[in-house]
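Q: By this note's numbering, the letter at position 28 of the sequence shown is numbered 28, and the numbering carries on one by one without gaps.
Just so you know, the hints here were simulated from the structure itself, not pulled from any lab data.
Any given hint might turn out to be false.
To be verified - DSS-like mimics (lysine-lysine), calculated; alpha carbons at most 30 Å apart, straight line: (1) 38 x 56; (2) 56 x 19; (3) 38 x 19.
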Amino acid sequence: MESYQRLRLEARLEALCEKGCRHVWQDIDALERGEPLKETHGLNDEERGWLLHELKQIMAVYRDRCSVD
Numbered sequence: 001m002e003s004y005q006r007l008r009l010e011a012r013l014e015a016l017c018e019k020g021c022r023h024v025w026q027d028i029d030a031l032e033r034g035e036p037l038k039e040t041h042g043l044n045d046e047e048r049g050w051l052l053h054e055l056k057q058i059m060a061v062y063r064d065r066c067s068v069d
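Construct the entire structure; sequences and hints are all you get.
A: Next comes the structure, spelled out in structure tokens:
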């Protein structure tokens, strides 16, 4: 991945995470269903897949401290 592309994706990842734990779980669900998010506008499938993977990795740490409901 090119450094510019990675920086752009990391900025979007940070924007998603700033929404808070429960919102991130909702965004993960939406991405898994293929629904667009404002933070993923203009991204290709590979880039959305990278974001989804990274969100899941981050949220694995919070599984016991933040519920989806």
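Q: If any of the earlier hints don't hold here, list their numbers in rising order.
A: Going through the list in order, the structure violates no hint and respects every one.
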